[in-house]
Amino acid sequence: MVKKFQFILFIAFFLIGGCSNDEEQSVQSQSNQDHVFKEQKRALDKAKGVELMLKNAAKKQQQSITEQIK
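FYI, the numbering for the sequence shown is 2 to 71, going by our numbering.
By construction, these hints were calculated from the structure, which means they are not laboratory data.
Here the structure is a predicted model, which is why all the values come from computation and not from measurement.
Just so it is clear, CB atoms sit at the ideal spot from N, CA and C, and this is done for glycine as well.
Okay, the calculated beta carbon distance ranges per label pair: (1) Leu53 <-> Phe14: 53 to 61 Å; (2) Val37 <-> Phe15: 26 to 34 Å; (3) Leu16 <-> Val37: 28 to 36 Å; (4) Met2 <-> Asp35: 44 to 52 Å; (5) Phe11 <-> His36: 34 to 42 Å; (6) Ala44 <-> Ile12: 44 to 52 Å; (7) Gln62 <-> Lys42: 25 to 33 Å; (8) His36 <-> Lys5: 44 to 52 Å.
Distance condition first, Cα-Cα at most 20 Å in a straight line; then the derived EDC-like pairs of lysine to aspartate or glutamate: (9) Lys42 <-> Glu52; (10) Lys47 <-> Asp35; (11) Lys56 <-> Glu68; (12) Lys56 <-> Asp46.
Build out the structure end to end from the sequences listed, making use of the hints.
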């Protein structure tokens, strides 16, 4: 009877420990994913700013060329 109680107690602690560890890992992995995506979003926003700057420079250059041709 004592062995049966010890076995049930062991299984209960094992299951409880397993469940709580998964939640902590999923929260940590979600936090890491948010961090990765945050960095990607920052890089994309910076790239869009550079793209806009290049488009404006190309437009000014095209206008300059058009004025010189006239």
